[in-house]
Amino acid sequence: GNSVTQMEGPVTLSEEAFLTINCTYTATGYPSLFWYVQYPGEGLQLLLKATKADDKGSNKGFEATYRKETTSFHLEKGSVQVSDSAVYFCALSDSGNQFYFGTGTSLTVIP
Amino acid sequence: NAGVMQNPRHLVRRRGQEARLRCSPMKGHSHVYWYRQLPEEGLKFMVYLQKENIIDESGMPKERFSAEFPKEGPSILRIQQVVRGDSAAYFCASSQQRDLGNYGYTFGSGTRLTVV
Chain E
1 GNSVTQMEGP
11 VTLSEEAFLT
21 INCTYTATGY
31 PSLFWYVQYP
41 GEGLQLLLKA
51 TKADDKGSNK
61 GFEATYRKET
71 TSFHLEKGSV
81 QVSDSAVYFC
91 ALSDSGNQFY
101 FGTGTSLTVI
111 P
Chain S
1 NAGVMQNPRH
11 LVRRRGQEAR
21 LRCSPMKGHS
31 HVYWYRQLPE
41 EGLKFMVYLQ
51 KENIIDESGM
61 PKERFSAEFP
71 KEGPSILRIQ
81 QVVRGDSAAY
91 FCASSQQRDL
101 GNYGYTFGSG
111 TRLTVV
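From first to last, the protein sequence lines stand for chains E and S.
For the first sequence, position 81 (counting from the first letter as 1) is numbered 81 according to our numbering, and the numbering increases by one without interruption.
For the second sequence, position 115 (counting from the first letter as 1) is numbered 115 according to our numbering, and the numbering increases by one without interruption.
Chain E on its own, in the form it takes in the complex (with noise of 0.2 Å):
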């Protein structure tokens, strides 16, 4: 079956760290992958995304490469900020009728 599989938080970093979250996943066939993340009190909203093998998808300084060879899908940023603190969630979806979400991680950026 699908799943997804995240590093375990929290994760706490000094502002202009550089940030890597893991994300690792199963699934049969070729899916999309896709970062979300949820501010405090509120949705998730869809980070980035990429829909193929070796696709890199990228939003506001965020990044993360489709490797079907290793099946991850990393989140990274150079430098983050205080304003990036929040929960971040890796999702598949196999084009069925729901995505697949990671536990989430959370992280906090201190000034």
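It is worth saying that the hints were derived from the structure and are not from the lab.
Every residue gets a Cβ at the ideal spot worked out from N, C-alpha and C, and that includes glycine.
Check before you lean on any hint, since a few could be wrong.
[To be verified] Reference listing, derived: stretches of chain S covered by chain E, where coverage requires no fewer than 3 residues with Cβ under 8 Å from a Cβ of chain E:
(1) 16-30
(2) 37-47
(3) 107-114
Dock chain S against chain E, hints included.
Just chain S now, kept in the frame of chain E:
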């Protein structure tokens, strides 16, 4: 163009009462999905609906939970005889296209249900 609207934002119910959660999809979106987020967990799929039809309810608990999306009005997630384990955040999402792999969802801000 308003996003996905959920209400109420917070709902407190005593054990045994009924909870009704409402979701109005984005304008032009005819596909609605409900997810539940338990504390310290990711989102779990519950049900997928189109107008007047339940397409996939494979994630819904077999008892006490029901969902509808009438021709007019919002989608409703109904939980009868709530128990403490129902305490969670319930998120609604909508999409314009059936092809989630390319288009993804737009989520509402959620309803946080607390059962006391």
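These are the hints, each one checked on the structure:
Using a Cβ-Cβ cut-off of 8 Å, 0 residues of the region 16-30 of chain S lie near chain E, which falls short of the minimum of three, so the contact claim is violated. Counting residues of the region 37-47 of chain S whose C-beta sits closer than 8 Å to any C-beta of chain E gives 6, which meets the bar of three, so the coverage hint holds. For a cut-off of 8 Å, the count of residues in the region 107-114 of chain S with a CB near a CB of chain E stands at 4, and the three-residue condition holds.
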